[in-house]
Amino acid sequence: MPSNLKYKASLKNARLDRITTDIGSSGLLRIYSGTQPASPDASLSGNTLLAELALSSTFAAGAASGVLTANSITADSSADNTGTAAWFTLTTSGGTRQVDGSVGTSGSDLNLNTTSIVSGAQVSVSSLTITAGN
Amino acid sequence: MTKDTAKKTSIAATGVALAPGLAAPAAGLATGKYSITFESAVGENDGLFVRDEKGDLVLDNGEPIPAESEHLMVKLVYPGGYTKNHQAATPEDLVSKVVGVLRGRYGVPSEIKIAALPKQLAAGAAIEVEV
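Here the protein sequences come in this chain order: P and Z.
Be aware that the first sequence starts at 1, since it is given in the working numbering, and climbs by one per residue.
Be aware that the second sequence starts at 135, since it is given in the working numbering, and climbs by one per residue.
Pulled out of the complex, with its shape left as it was, chain Z reads as follows (with noise of 0.2 Å):
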């Protein structure tokens, strides 16, 4: 044997990445008021770490993290239960995501009124639209 053989294990994946406006909405939604819920609002790194008894999280081994979490990612409850995560660092981050998600899942072409605005991303806030 003069070399060596090892193959790694490895990942095929394809995909497509459109241009806006190209794919057609996956579900419509009538005019009207809507709240769109935040099921959790938890740090992006925090599924990396457990919690001490203090409830500060730490590593496996009791250390301090070592980088805190920068966003939080908000996962939102949109209407016909629909749920997708978003990564945010204030309520205002959301609204180009939420606006986004309107005409491109459920292809509201007409204005898009964010009625009420949560303080703080937080679990059982909601944002208000009207469509």
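Pulled out of the complex, with its shape left as it was, chain P reads as follows (with noise of 0.2 Å):
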């Protein structure tokens, strides 16, 4: 019999929640470009940061129905430099990565209108949210 394991929805909520708890206070959203590290533990290697956006002070307000919603973020107005964007990271205001994810034009967890980022260009993200599994 294949797992069929489910959690309750406050528990859903919690865990989402925790996100928000580690980012902490003004975290930041990185996109780099080059290879996506193996998780927010791994180091950095060959990355180049393309553009920094700034959370919000709180990150995302209580998670409901299993949804976790950032609040606004705050556009780069100046990217840092030209490259094509590969993935980006949800961290704490001192730069500790806490969760990674994929950036590209469709279906991946950042989509922007192009991976194209260039040095001195603005770079936003309009929305984001995390939702729990099962």
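Since the hints were derived computationally from the structure, they do not count as laboratory data.
One thing to keep in mind: the hints can contain errors.
Said to hold, decoys possible - Which residues of chain Z face chain P? A few of them, derived with a C-beta cut under 10 Å, are: (1) K141; (2) I145; (3) A147; (4) A161; (5) G162; (6) L163; (7) K167; (8) V176; (9) I246; (10) K247; (11) L251; (12) P252; (13) Q254.
No residue lacks a Cβ here, since even glycine has one placed at the ideal position from N, Cα and C.
Put the complex together from the two separate chains, hints included.
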């Protein structure tokens, strides 16, 4: 019999809210080129920081119905480097990575209109939600 | 039950990367001299590790870290208190990034002169600019 694991709604919300807790105050969303590390616990290697966006002082309001919705994210008005966006990370204000995800133009965790980031240009993220699994 | 119904946690985010010059500046900056200070300069992987009694970075179990940081993350404090981290290996790496912020965020249209550049990436240092 395959797995059929299910979590109580309040437990799913609590797990999502832990993300907000661990990001802490005034976290960051960073977009990188290069190969995405195996996990947020793995080192950056050969990755170029393309853009850094500021999360709200509180990353998200409390999760509801298994969905965590980020508060507003401030655009980076001047991308640091030109390159192809491949992945992003949500970090603490000190830069410790908590959540990593892919970047693309469709079907990725973060979908941009283009993955071609140009130095000096604006990069914005208009919405971000994290939905709990079962 | 004939199939696995497990659903993974997922992220859905959307955004826009513009071409240069298409966004309005977020702040203004009068002509003059400004000091852009280094609030901190830490290895880009430092947050993953702990320091041992000698101050060296190690894994939680005390083993050496698997990869040294290739760059520092330098947190600069711009006029008005705006802060931004930049990935850099040398002070020279910061020049184009600082100019980009002064143009993109502050809308400085004129020449930007780097009057002084520190020799090292270290907290407390500063880049002096004239706009």
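Hint check:
| no. | hint | in the structure |
| --- | --- | --- |
| 1 | K141 | holds (5 Å) |
| 2 | I145 | holds (4 Å) |
| 3 | A147 | holds (4 Å) |
| 4 | A161 | holds (9 Å) |
| 5 | G162 | violated (13 Å) |
| 6 | L163 | violated (13 Å) |
| 7 | K167 | violated (21 Å) |
| 8 | V176 | holds (7 Å) |
| 9 | I246 | violated (12 Å) |
| 10 | K247 | violated (18 Å) |
| 11 | L251 | violated (17 Å) |
| 12 | P252 | violated (19 Å) |
| 13 | Q254 | violated (20 Å) |
The structure is inconsistent with the numbered hints 5, 6, 7, 9, 10, 11, 12, 13, although it conforms to all the rest.
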